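Read left to right, the sequence shown gives residues 1 to 156 (this note's numbering).
For the record, the hints were derived by calculation from the structure and aren't laboratory data. Just to be clear, a hint being listed does not mean it is correct.
Under the rule of at most 30 Å between Cα atoms (straight-line distance), these lysine-lysine pairs were calculated in the DSSO-like manner [unchecked claim]:
#, residue 1, residue 2
1, Lys48, Lys80
2, Lys80, Lys57
3, Lys48, Lys95
Note that the structure is a prediction, hence the values are computed from the model and not measured.
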Amino acid sequence: MSDEIAARLTEMGITLPEAAAPAANYVPYVISGNLLYISGQLPLEGGKVAVSGHLGKTVDVAGGQRGAELCAINILAQAKAALGGDLGRIRRVIKLNGFVASAPDFVEQHLVINGASNLIAGVLGEAGKHARAAVGMAALPLNAAVEIDAIMEIAE
1 MSDEIAARLT EMGITLPEAA APAANYVPYV ISGNLLYISG QLPLEGGKVA
51 VSGHLGKTVD VAGGQRGAEL CAINILAQAK AALGGDLGRI RRVIKLNGFV
101 ASAPDFVEQH LVINGASNLI AGVLGEAGKH ARAAVGMAAL PLNAAVEIDA
151 IMEIAE
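All chains, full assembly: derive it from the sequences and hints.
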């Protein structure tokens, strides 16, 4: 990991966890050429879903943003595992796809996913600026409030 990225993580009070193992028949990431695809990450903390329920019903925007931050931390943990510990190999986060478990009338998914976007940009700097989607869903695995996947360009 680059010293600059490590310093940003420390400044933000973030310790990356061990990358979570997949819970079904899929892999946590795929590298194809110079692209790293990271499977959807849930807001896990200590091995458990830390933010569950539906935005606009049982979870407020601040809680959803915290869930999105946890998803981003888990994305970075997966990237670290995929890249042999060297987050400095990330040239650009191309896109984050954010999924938000939402009550039918909840329309602030974009504000929820800002939690992940802000964290990724804060840790990776210019390389962390990305395109994005923020989509409302009826439900997510394990009753998670948020799930986010990522596509990154990496140095070979």
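Hints, one by one, checked against the model:
1. This hinted pair checks out: Lys48 and Lys80 have alpha carbons roughly 20 Å apart, not beyond 30 Å.
2. Distance check on the hinted pair: Lys80 and Lys57 sit about 34 Å apart at the alpha-carbon level, beyond 30 Å; violated.
3. For the proposed pair Lys48 and Lys95, the alpha carbon gap of about 26 Å is at most 30 Å, so the pair holds.
Against the hints set out earlier in the document, a violation occurs for number 2 only.
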